[in-house]
Amino acid sequence: MHVIERDALTALFVALRQRAFRLLGPTVRDGAIVYDELASPADLPQGWTDTQDGGTYRLVRRNDAALFGYAVGPHSWKQFLHPPTVRLWQAQRDGQSFHIRAEQPEQARFAFIGVRSCELHAIAIHDRIFLHDAYVDPVYRARRENLFIVAVNCGQAGGTCFCVSMHTGPKVTQGFDLALTELLTGERHYFVVETGTARGAEVLQDIPHRAATAAEEEAAAAVVARTATQMGRTLHTAGLQELLYRNIEHPRWDEVASRCLTCGNCTMVCPTCFCTTVTDTTDLTGAHAERWRQWDSCFTTDFSYIHGGSVRTSARSRYRHWLMHKLATWIDQFGTSGCVGCGRCITWCPVAIDITAEVDAIRTSEHRAAAEGKNDANA
Amino acid sequence: MPRQRKPKLAVWKFASCDGCQLSLLDCEDELLTIAGQVDIAYFLEASRAVVKGPYDLSLVEGSITTPHDAERIQQVRRASRFLVTIGACATAGGIQALRNFQDVQEFLALVYAKPAYIRTLAHSTPIAQHVRVDFELHGCPINKRQLLEVISAFLHGRKPHIPPHSVCMECKRRGTVCVMVAHGTPCLGPVTHAGCGAICPAYQRGCYGCFGPKETPNTASLSAWWRHLGIPPSRIVRAFRGFNAYAEAFRQESEVHAKQND
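As they're listed, the protein sequences go chains W and R. One point on numbering: in my numbering, the residue at position 184 of the first sequence is 184, and numbering is uninterrupted. One point on numbering: in my numbering, the residue at position 20 of the second sequence is 20, and numbering is uninterrupted.
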């Protein structure tokens, strides 16, 4: 472990820019902490935090100058690695024939600043889907290959966070080049730095740093340990997959459907939801056509449109499909849960539908039914 | 592929502000291409030169508000192979459908010196309530990109790509911070048909519902949340009674709250 002082962050930005990286990270815009271009550490949300609950997010001033003193916001890194709208190819009519011009995805050099542990797990899930299966997504690969990740251990949990339940945080454990823990003690403002790759260690050489003392390492460990105790939400995962499979016809799905707007916000903000739709367009003359790919959502009826109509017409079937995929069938499909416990779907649901509460309701009803069954047997 | 003859396009106006027709004239860069692909046979907003019907594609703007127009739309339908309604007036009755919630005779007495000369219907109604409509393009006004898509799709015999999902999807794709979640601003986006590109939230305003109800709109749940945000029933009524007040989902929701006191 190493230590860099607060002022050395500028040197980190310079070192990354010298290596031709485009720096992206948290910044304040329109009343929220979003991910965008960073010119210097001055663009970071210094002295800001957030309060979050179902359907509610508010930016709040901190009483210190912390740079990473907040939970995750409305954006996720997927907007850069798996962009919302991509043109795949263009076609031009040529007499009775036509020729196709494929888009060559540009090799990006992103450096993400301030990636949280839950987000590293989300990126790992996308790596699995887009890079490690039979079909590699060239758009994702071109943006992922050179990616430099400066991770941050969370100094506080948000009101909708539940990474502890999902075993995805708050401590950064994998998939980073450098990992920072921010520490503010009276006059001192510094970061304990862990290197995750040789590339990270090489960048660190360009920044004023020194070895961390045992006390500093302990202080950093205490920060994440404290954050782990502050989770705003809990999701009980024991036997979760079987619980959901047993309850495909549970009345709770109707109850949540009465509140669900089928607006698709949960899927758009989810860092692991990856579905897209592909659309062909023609111009007025019919001489030119284009194929576009866009983020799609299982909450639209078009998503399940097949010959004869949409398969999931009710809100019940759409919400159930989403939750079941995220927490159960994802495990069968990809070997991990599709949920990393970031809480975005809870905060950014316009009517505060809470994935943890929905699962709880089903679990509790089973317990109640079991208890009643026991009472009946005793009677 | 060479065509036998260019399809004939007609643009019709009923009770409306002309804004949706103007969207066609607003296609400045594409207008010459359109003129190259179709025979603009009837478009009084653009030209007095009129070619007789029948027409291959009719774009119909405006709602039905007079007995005369109720007749005329039948003639338009008979003269049209494809009939596409454009805008909130034609698809939902428009802002003038606010009369549907009141007594139109009272308006007549207030507005006109000699109301006896005015022949008007009690309700402003969408075109689809009178004749078969092949496609409805929503919006107040319509989006010109979507209009070009509808015309292109017609020319090439394919289905137009006009997604009926929420405005939220457009907001999220462009990275806009949700005004309802982050600011507590009431927004109709979650129940409103996409198509505008989510303009208002990008300028920190709630969605006004210009494109009318989306597919499967859950207006009751959204209203319940607005009440939780402290919005009184009278404001909820006004929000749903905008340009698409008479669209079924919005009409029903406004009527629920119109019965309640603040």
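Worth flagging that the hints you see were computed from the coordinates, not collected in a lab. The reader is advised that the hints may include incorrect statements.
Footprint (simulated), chain R over chain W, 3 or more residues, beta carbon under 8 Å [what the hints assert, rightly or not]:
1) 134-146
2) 159-173
3) 178-189
4) 214-225
5) 254-263
6) 275-288
7) 350-360
Cβ-to-Cβ under 8 Å is the rule here; a few derived chain R residues that face chain W [stated by the list, open to error]:
8) L31
9) L32
10) T33
11) Q105
12) A128
13) Q129
14) H130
Beta carbons: idealized from backbone N, C-alpha and C, even for Gly.
Out of the numbered hints, which ones does the structure contradict? Numbers 1, 2, 3, 4, 8, 9, 11, 12, 13, 14 - these are the hints that the structure violates, sorted from lowest upward.
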